[in-house]
Amino acid sequence: MTSTNLERVRSDVVSMDHLDQLEAQSIYILREGFARLKKLALLWSLGKDSNVMIWLARKAFFGHVPFPALHVDTGKKFPEMYAFRDHYSKEWGLDLTVEYCPSIDSVDPTLPPAARSAARKTEGLKLALAKHGFDGLIAGIRRDEEATRAKERVFSPRGVEGGWDVRDQPPEFWDQFNASPPPGAHLRIHPILHWTEADIWAYTARENIPIIPLYLAKDGKRYRSLGDADITNPVASTASTIAEILVELDGTTIPERAGRALDHETEDAFERLRVAGYL
Amino acid sequence: MTKPVNPTSLGMPNGTTRPQLRIVIVGHVDHGKSTLVGRLLHETGGLPDGKLEMLKAVSARRGMPFEWSFLLDALQTERDQGITIDTTQIRFRTKLRDVILIDAPGHAEFLRNMITGASQADGAVLIVDALEGVRDQTRRHAYLLHLLGVKQVAVVVNKMDRVDFSAVRFQAISDEISAHLVELGVTPAAVIPISARDGDGVATHTDRIGWYRGPTVVGALDALKPALALDELPLRLPVQAIYKFDDRRIVAGRIEAGHLAVGDDVVIMPAGKRAKIKSVERWSATPLEGEHGAGRSVGITLDRELFVERGDVIAHVGVVPSDTRRLRARIFWLHDQPLTAGSSILVRLGVREVRGRVVAIEKAIDPGELASVETKQIARNHVGEIEIALSQPVAADRYVDNPRTGRLVIEVGGRIAGGGLVLSIDAAQRVVSSDIVPVQSALQPEERSARYRHQGAVVWFTGLPGSGKSTLARALEHRLFAKGGSPILLDGDTLRAGLNRDLGFSAADRSENVRRLAEMAGHLARNGHIAIVAAVSPSRGDRAEARSAVDTAFREIYVATPAEICEQRDPKGHYAKARAGDLPGFTGIANDYQAPETVELRIDTSTVDVGRAIDGIEDMLRQTQVLDDGAADLAAFEAV
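From first to last, the protein sequence lines stand for chains A and B. Counting in this note's numbering, the first sequence runs from 1 upward without gaps. Counting in this note's numbering, the second sequence runs from 1 upward without gaps.
I should point out that these hints are in silico values taken from the structure, not numbers from a laboratory. Some clues are possibly wrong.
Claimed, not checked - Once the Cα atoms are required to be at most 30 Å apart in a straight line, the calculated DSSO-like pairs of lysine-lysine come out as:
(1) B:Lys273 / A:Lys59
(2) A:Lys126 / A:Lys221
(3) A:Lys59 / A:Lys39
(4) A:Lys90 / A:Lys131
(5) B:Lys376 / B:Lys363
(6) B:Lys51 / A:Lys59
(7) B:Lys225 / B:Lys278
(8) A:Lys126 / A:Lys218
(9) A:Lys90 / A:Lys76
(10) B:Lys376 / A:Lys39
(11) B:Lys363 / B:Lys151
(12) A:Lys90 / A:Lys218
(13) B:Lys244 / A:Lys90
(14) B:Lys276 / B:Lys225
(15) A:Lys59 / B:Lys278
(16) A:Lys59 / A:Lys90
(17) B:Lys376 / A:Lys221
(18) B:Lys483 / B:Lys151
(19) B:Lys376 / A:Lys131
(20) A:Lys218 / B:Lys151
(21) A:Lys221 / A:Lys131
(22) A:Lys39 / A:Lys76
(23) A:Lys38 / A:Lys59
(24) A:Lys131 / A:Lys218
(25) A:Lys38 / B:Lys244
(26) A:Lys59 / B:Lys95
(27) A:Lys126 / A:Lys76
As the list claims (entries may be wrong) - Derived list of chain A stretches under chain B, where covered just means 3 residues or more per stretch with a C-beta under 8 Å from a C-beta of chain B:
(28) 38-52
(29) 74-86
(30) 98-108
(31) 119-132
(32) 244-257
Computed from a predicted structure; not experimentally measured. Using N, Cα and C, we set each Cβ at its ideal position, and we do this for glycine too.
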């Protein structure tokens, strides 16, 4: 017993590749969130990232997702996305919660059009928070997507108004997370912050995670990132399988969110959205 | 339903098979960290399309020459003020590997963000301005790298263009910083002269640094090694949670060190309960065979029903972590309020959360200063060595034995306020000689505290003869009793008449007198009473021993009445006798009283009346969780 425990050599250990390491870290984060917060929800945008996140939650909790999958619906997603949601929420046994965004008329009309659209989603998120009283929202943002997201914490506190105070982020190190939101405020939990776009695809392929077909090229175009149908554009591509997407990503220097209009309206468009509570 | 696909068969190019290295760039503010990151990305072809044009536009809008740092300083305030506020990460690829670059702010104001970034790194690049040389943040960052466990450090001397690429200037800075690092136990992997703005020494050698023979920055990064394998250390599986979603009772956690397999004999610490691993669970396929090593997030089931909870640590028989309620740590402090002896804190050791108390601060310095001045409190951005008493036993390792389980963080008000390494563990806390079998009280401390509405404690009054200790002690006893509490007065002079009548006034006898008082007071405190001790107790060392014996329940009050007023009062006529030479060894006129430096409370009875002094004591006892204030968490400070 004791001696055999000690004598076993390291070469017996099943080695971990890059995707195994990413997965193990994400599972650790999800379990910490579930242990330390009272009322969690996972934000399901139906895109490739949040699908991977649901997959990781099923791994973390041994086939169960012990919190609701919250879809804040703008009503303007692609039809393929709604079909995907309705099918897989059943197949994966999710507690699907859909909350609708308020009318665009109620959102600041001075914002540029795409930012106004995004601000509407932030309003929808605030309404859902107020209605359900969640103290933690699990969100599938990644550092490599966008420069202000690169500055995020894994456990990121939000103010009572849902805002992000970028000037006063708490220290976070050694996988020790600040998990005590003041009453009325909430935390964002980012379990795949350390993944890249290529990691998401490689993992999706390895695990056979279903995806929305819009990501694969048809007639020379595909979507790299999925948002509202009216403010998301496809990119030129011939990648019709995940393996081909990975080869394409290896050679590209075009940013992932190039097709997302809201990132490009002004220098700080995205930061302002995020400070106000956007993902 | 999932059929694993072999990732290599996909011809996966990006990041999945290439080794990864995390590098943090640190150094003094304005020495060029963000610029170096921008230049590294540019030189290695890692810049996204349109980024260069965007940076030109952003710089021009602010009327500045081209500014690399705007690449990472993505926040509007960072660009407007020209400083990095928060840490960020960005990737690039060298011939050999993928590098994740972590940019950290150099401004002292944002040290917490530097630590957030640097804590994730396998190696570091420490940047020094060729013109300005080594500055306070250079030293502070170097010290913190060593505290964070980042041992591989390459130094770059930047802005060589500003010193005309002088080899002499380079050598002077190289010598100074190398000496500083070696003193911290770090040998720099390389010292490289560069101009981040122009590109000299970053990816290529240029004529302007023709005299330099060492590696470029990219070359030095390629020579650093990824993180150490933790598989070879003894098994440590901290328990994150117990899940009972179905008929399985799964103990979930991440293996921090070592490895495990089905059939292993394990011990659950700190309780020391034994079990065998029955299965290793995984969705979607269970059970799993083979050895599972450090870094894996796993779920296991045990062969028997045991009480296991979050924060326990599972280890192999014979190589278990220590079980302790007291440890010493070297920490860095980030909170606005300095850390002082007596502070109550929340300690996180891995996933274990436990309340504690700083029993002593042994050392405190500002790592940014050359000649460090030691103080007895740890200020913001300073480091120090502290002794912590915990309210419950925990499983812990020393940092030198296990870099993952041998570190802790301290939380104040729900926010991380500091962190550090476990230097030593006092495992003797629970050892009881086999010949002596202490008889436990029939009552639990909680039963008593529910009746008295306070926790057990020792309130220790120290001060010169005539300072007012006994008066305050008696008044406090009266106040606590009137409120339904259970105070007991232990007066030094009264006990000398009986229990301690064998003791005189030699230094050794005085120490023994204090030791007996502390033992007796500690026993009363452990049984839920508030022992009020009034004793001159002139020796700082003796009082530290008393605090150590009583542990977290000790509250020291310094009655700091000026000596001349004490002598005027002379309630027992001792000063008069001593002046007449009739009282050798009397404390008061011989200047042998050692005033405390850090205490829970300080009272000068010449400026405050007894009633107000007692109000102040009550406030202190409430704030330090001895007295219940209704909302207080009773479990937080179990009598010890």
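Quickly compare the C-alpha distance for Lys376 of chain B and Lys363 of chain B to 30 Å and report which way the hint goes.
-> It holds: about 7 Å lies between the C-alpha atoms, which stays within 30 Å.
Are Lys376 of chain B and Lys39 of chain A close enough, with their CA atoms no more than 30 Å apart?
-> violated, 42 Å
Distance restraint between Lys59 of chain A and Lys39 of chain A, which requires alpha-carbon spacing of 30 Å or less | holds, 20 Å
Straight-line Cα separation of Lys376 of chain B and Lys131 of chain A no greater than 30 Å?
-> violated, 50 Å
Take the C-alpha atoms of Lys126 of chain A and Lys221 of chain A, compute the straight-line distance between them, and say whether it is at most 30 Å.
-> Outside the cut-off at roughly 35 Å; violated.
Do the alpha carbons of Lys126 of chain A and Lys76 of chain A lie within 30 Å of each other, as the hint requires?
-> holds, 18 Å
Has the given pair, Lys273 of chain B with Lys59 of chain A, been kept, meaning a C-alpha gap of at most 30 Å?
-> holds, 28 Å
Take a quick look at whether Lys39 of chain A and Lys76 of chain A sit within 30 Å of each other, Cα to Cα.
-> holds, 28 Å
Within a Cα-Cα threshold of 30 Å, do Lys483 of chain B and Lys151 of chain B meet the stated pairing?
-> With a Cα-Cα distance of about 57 Å, the restraint between Lys483 of chain B and Lys151 of chain B is violated, given a limit of 30 Å.
State whether the coverage of the region 119-132 of chain A by chain B holds or is violated, taking the criterion as 3 or more residues with Cβ-Cβ distances under 8 Å.
-> violated (count 0)
Taken at face value, is the distance from the CA of Lys218 of chain A to the CA of Lys90 of chain A at most 30 Å?
-> holds, 28 Å
Given the hinted pair Lys51 of chain B and Lys59 of chain A, is their alpha-carbon gap at most 30 Å?
-> Distance ~38 Å between Lys51 of chain B and Lys59 of chain A Cα, so the pair is violated.
Taken one by one, the earlier hints fail for this structure at numbers 2, 6, 7, 8, 10, 14, 17, 18, 19, 20, 21, 24, 26, 28, 29, 30, 31, listed in ascending order.
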